[in-house]
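Participant: Once you have looked at the hints, place chain B on chain A.
If you read the protein sequences in the order shown, they are chains A and B.
Mapping of the first sequence onto the numbering used here: position 246 corresponds to residue 246, and the numbering continues sequentially without gaps.
Mapping of the second sequence onto the numbering used here: position 34 corresponds to residue 34, and the numbering continues sequentially without gaps.
Since the hints were derived computationally from the structure, they do not count as laboratory data.
It is possible that some hints are incorrect.
Stated by the list, open to error - Derived DEER-like restraints, expressed as beta-carbon distance ranges:
#, chain 1, residue 1, chain 2, residue 2, range
1, A, Val-209, B, Asn-95, 38 to 46 Å
2, B, Lys-77, A, Arg-248, 22 to 30 Å
3, B, Pro-114, A, Lys-172, 54 to 62 Å
Said to hold, decoys possible - Anything over 10 Å on all C-beta distances counts as not near chain B; from chain A, calculated:
#, residue
4, Gly-54
5, Ser-84
6, Ile-151
7, Asp-155
8, Gln-161
9, Gly-196
10, Asn-198
11, Glu-250
12, Trp-267
To be verified - Footprint (simulated), chain A over chain B, 3 or more residues, beta carbon under 8 Å:
#, region
13, 25-38
14, 46-52
15, 55-65
16, 107-116
Glycine included, each C-beta is placed from N, C-alpha and C at the ideal position.
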Amino acid sequence: MDSTAANPQKQSLTLDIFEEHLHKAIDKPTVNYRMVRVGPSRNGRGTKLKVHNGAHKATWAKTTINSRLRTINIDVYLNFKQNSLQQGDYLKLKTLAIAGIKQYWSNTITVAGVRFNVIVNPLHKSSSDAIPVDLEIEESESYGRSMNPAILGIDASFIYQRGSVTAGIPSKLIDDEFKLVSAHEFGHSILVYVGGINLSWGHKGSTNVLLQNVKASSPGYPNQGKIDLMKYYNDTKNTANLKQRITRSEAIEVDIKRLIWSSEVLWKD
Amino acid sequence: MERLKVLIFGLLITFVLSSCSSIYWASVKNSTAEELMVKVVFKTEYGIQVMGRPLKAGEVNVWQYEQSSSESKIMDKYLFSIEISDGSGCYLVFNKEEIKKKVKNTTRQIVISPDDFQKACERKVNLNTL
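Chain A with its partners taken away, still in its complex shape (with noise of 0.2 Å):
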């Protein structure tokens, strides 16, 4: 049977369409512009404003999707500094950083019911219109905290921690690690495009948002299956070691699907 039988959708999927499925699906309006009640005004009645929404506005994200072959590629770019790095270190940062962010963010999506399969692609680009990322070594046995405001122009910071080798933890896992923090600090950029502040330092509402402490009605870890690689658990619930982080955590489909309402889109029929 023909696959596109079943569903009529896909074989009249049009940017509109996709559009419409892609707002619903992350609680945005389905049109470029909202009418929003202001006032009352004197006679009572209220002014009515268009607020646009923001969509396919950021500057650091292209889209192109395919709809025949249904597939989705999103450039994203990010300006990588080397600020006072070694060479080599700078390149292997930069390497892993990027490995991080297509690993972590590439996944599948359906949008009106087509099942697309979703490539990230992070690019380097030295100029204002991509995020800014400071790219940091932490020397010392001590944890260095990673952290993307995404706001006002402040850079954000990927730690590598290489003095955790003196503590024994083996590279091959401290290079995995950095992969996954490169890959949540960079969606930070992406939740305070789509939601604001509450939305990424709140980590989707598992951490407080300035204290960013992981809130005590988080769910601790779960014992199996995909993790959330923007939210918090609370691990006094439930644990997970740093191998099952590394390896069960993806951008889940709401977030991929936020990048691409942030992104300019392209489309090819």
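Facilitator: Frame of chain A; chain B shown alone:
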């Protein structure tokens, strides 16, 4: 006004105290020549959590925890014990005190040495001959 000052002061204190927490990595390393089943047991207000997995010779199991900076010298406060067994039935438990001794000279790494296991297996032999 005075109430507002107290509230802001309270919020500041809370913010400072909680932002003083740090992330740490703790690990268990199998330094014996054989594969071991290693169960890391945590005791929290929600009960007992067990992180169990086989560790090959030389392999390390790492977990991350967050603790206030004032407790920076203390190994993961929720770590309760480590239970280790091998294929031949030798069984060994490190309790909190033994873990404390183990991490005295290593930074948050508990190394399971061949000596540890030899003792455990000797005990097993002794029990079997009773």
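Participant: Now, for every hint given, state plainly whether the structure supports it.
Facilitator: Tested hints:
no. : hint                                 : in the structure
1   : A/Val-209 with B/Asn-95: 38 to 46 Å  : holds, 39 Å
2   : B/Lys-77 with A/Arg-248: 22 to 30 Å  : holds, 26 Å
3   : B/Pro-114 with A/Lys-172: 54 to 62 Å : violated, 24 Å
4   : Gly-54                               : holds, 30 Å
5   : Ser-84                               : holds, 23 Å
6   : Ile-151                              : holds, 18 Å
7   : Asp-155                              : holds, 20 Å
8   : Gln-161                              : violated, 8 Å
9   : Gly-196                              : holds, 20 Å
10  : Asn-198                              : holds, 17 Å
11  : Glu-250                              : holds, 18 Å
12  : Trp-267                              : holds, 42 Å
13  : 25-38                                : holds (count 3)
14  : 46-52                                : holds (count 3)
15  : 55-65                                : holds (count 6)
16  : 107-116                              : holds (count 4)
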